[in-house]
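Given only the sequences and the hints, what does the whole structure look like? Please build it.
Chains P and U are the protein sequences, given in the same order.
Counting in my numbering, the first sequence runs from 1 upward without gaps.
Counting in my numbering, the second sequence runs from 116 upward without gaps.
Be aware that a few hints might be false.
Claimed, not checked - Cross-link-like lysine-lysine pairs, in silico, DSSO-like; alpha carbons within 27 Å at most: (1) U:LYS220 to U:LYS132; (2) U:LYS186 to U:LYS220; (3) P:LYS57 to P:LYS71; (4) U:LYS116 to P:LYS9; (5) U:LYS116 to U:LYS227; (6) P:LYS14 to P:LYS71; (7) U:LYS116 to P:LYS57; (8) P:LYS57 to U:LYS220; (9) P:LYS9 to U:LYS220; (10) U:LYS132 to U:LYS172; (11) P:LYS9 to P:LYS57; (12) U:LYS116 to U:LYS223.
What the hints assert, rightly or not - Looking from chain P toward chain U, a few residues come up when the C-beta cut is under 8 Å (computed): (13) GLY16; (14) MET19; (15) ALA24; (16) MET41; (17) PHE90; (18) VAL103; (19) PHE106; (20) GLY107; (21) ALA108.
In case anyone wonders, no lab produced these hints; they're calculated from the structure.
This one's a predicted model, so the numbers in the text were calculated from it and none came from an experiment.
For glycine and all other residues, C-beta sits at the position ideal for the given N, C-alpha and C.
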Amino acid sequence: NAGVTQTPKFQVLKTGQSMTLQCAQDMNHNSMYWYRQDPGMGLRLIYYSASEGTTDKGEVPNGYNVSRLNKREFSLRLESAAPSQTSVYFCASTEVPSSGANVLTFGAGSRLTVL
Amino acid sequence: KNQVEQSPQSLIILEGKNCTLQCNYTVSPFSNLRWYKQDTGRGPVSLTIMTFSENTKSNGRYTATLDADTKQSSLHITASQLSDSASYICVVRSGGSQGNLIFGKGTKLSVKP
Numbered sequence: 001n002a003g004v005t006q007t008p009k010f011q012v013l014k015t016g017q018s019m020t021l022q023c024a025q026d027m028n029h030n031s032m033y034w035y036r037q038d039p040g041m042g043l044r045l046i047y048y049s050a051s052e053g054t055t056d057k058g059e060v061p062n063g064y065n066v067s068r069l070n071k072r073e074f075s076l077r078l079e080s081a082a083p084s085q086t087s088v089y090f091c092a093s094t095e096v097p098s099s100g101a102n103v104l105t106f107g108a109g110s111r112l113t114v115l
Numbered sequence: 116k117n118q119v120e121q122s123p124q125s126l127i128i129l130e131g132k133n134c135t136l137q138c139n140y141t142v143s144p145f146s147n148l149r150w151y152k153q154d155t156g157r158g159p160v161s162l163t164i165m166t167f168s169e170n171t172k173s174n175g176r177y178t179a180t181l182d183a184d185t186k187q188s189s190l191h192i193t194a195s196q197l198s199d200s201a202s203y204i205c206v207v208r209s210g211g212s213q214g215n216l217i218f219g220k221g222t223k224l225s226v227k228p
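Next comes the structure, spelled out in structure tokens:
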């Protein structure tokens with residue numbers, strides 16, 4: 001049972017380059033999320049998808065785009081990477097849109113460095 | 116402003132000892148509070164969830180408490196093990212239709228032999 005799978009685990013980019021972080025879950029969850037985690041800060045929500053076909057901005061969406069490809073997959077794209085986007089990115093999923101006692105299942109994270 | 120504050124920022128204890136981590140929140144309206152454990156290089160994993168009416172909940176050697184009146188929660192770890200070394204994150208969900216999750220910055224626990 002894989003849970004939430006993120007790729008790549010590590011990536012180094014130069015300023016201005018683009019890339020896409022991939023996320024897939026095999027738990028048939030409706031909702032999926034992208035967070036970033038920076039030293040000394042709590043996890044911050046970038047974008048989320050409450051259900052297949054919908055996406056919404058979170059707390060820090062600038063510089064990112066997302067695609068909910070199907071129920072399983074939710075990708076995060078950096079069109080023109082900036083050093084401020086150096087971070088660890090986590091994808092998460094849950095059964096319903098973070099309501100009640102539903103718990104987020106996180107992926108292992110993708111460490112991105114922008115030079 | 117909805118905030119979640121955790122203390123201490125970091126903690127070092129000897130194997131076998133107990134410890135308590137604190138979480139204070141100003142989230143309103145309150146829906147529930149969750150404690151996550153995050154091992155180095157891994158994603159957070161849920162330890163326990165507490166709703167408004169729950170005061171204490173245990174998960175093995177982990178015991179969480181919630182005082183909704185003072186808006187405080189604690190996570191007590193009994194007879195610590197080396198594998199308890201991790202960051203512990205307190206997450207509060209606000210009530211209402213948005214149901215936003217507010218993450219604390221975490222407490223980094225190191226258990227030494």
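Hints versus structure:
1. Note on U:LYS220 and U:LYS132: the hinted pairing holds, with a Cα-Cα distance of about 24 Å set against a maximum of 27 Å.
2. Restraint check for U:LYS186 and U:LYS220: the C-alpha separation of about 17 Å stays at or below 27 Å, so the hint holds.
3. Proximity of P:LYS57 to P:LYS71 is assessed by CA-CA distance (about 18 Å); at most 27 Å being required, the pair is judged to hold.
4. A distance of roughly 34 Å separates the Cα atoms of U:LYS116 and P:LYS9; the hinted pair therefore is violated under the 27 Å criterion.
5. Taken as a hint, the U:LYS116 and U:LYS227 pair is broken in the structure, with Cα atoms around 37 Å apart against an allowance of 27 Å.
6. This hinted pair does not check out: P:LYS14 and P:LYS71 have alpha carbons roughly 32 Å apart, beyond 27 Å.
7. Distance hint between U:LYS116 and P:LYS57 is fulfilled; the C-alpha atoms sit about 19 Å from each other, no more than 27 Å.
8. At roughly 21 Å between alpha-carbon atoms, P:LYS57 and U:LYS220 fall within 27 Å of each other, so this suggested pair holds.
9. A threshold of 27 Å between alpha carbons decides the hint, and for P:LYS9 with U:LYS220 the separation of about 22 Å falls inside it, so the pair holds.
10. Distance restraint check for U:LYS132 and U:LYS172: the Cα-Cα separation of roughly 20 Å lies within the 27 Å cut-off, and the hinted pair is therefore satisfied.
11. Between the alpha carbons of P:LYS9 and P:LYS57 the distance comes to roughly 24 Å, so the proposed pair stays at or under 27 Å and holds.
12. Our distance criterion of 27 Å between C-alpha atoms is met by U:LYS116 and U:LYS223, whose separation comes to about 25 Å.
13. Against a cut-off of 8 Å between C-beta atoms, the interface hint on P:GLY16 is violated, since the closest Cβ of chain U lies about 28 Å away.
14. Interface hint at P:MET19: violated, since its Cβ lies 20 Å from the closest Cβ of chain U, which is beyond the 8 Å cut-off.
15. Of the supplied interface hints, the one on P:ALA24 is violated, with its beta-carbon coming no nearer than about 14 Å to a beta-carbon of chain U, more than 8 Å.
16. Taking 8 Å as the C-beta cut-off, the interface hint given for P:MET41 holds, the closest approach to chain U being about 6 Å.
17. At a threshold of 8 Å, the smallest CB-CB gap from P:PHE90 to chain U is about 5 Å, leaving the interface hint in force.
18. Proximity of P:VAL103 to chain U holds as hinted, the smallest CB-CB distance being about 4 Å (cut-off 8 Å).
19. The beta carbon of P:PHE106 is positioned within 8 Å of a beta carbon in chain U (closest approach about 3 Å), and the interface hint is therefore held.
20. Hint status for P:GLY107 relative to chain U: holds, with the closest Cβ pair at about 5 Å, below 8 Å.
21. Taking 8 Å as the C-beta cut-off, the interface hint given for P:ALA108 holds, the closest approach to chain U being about 5 Å.
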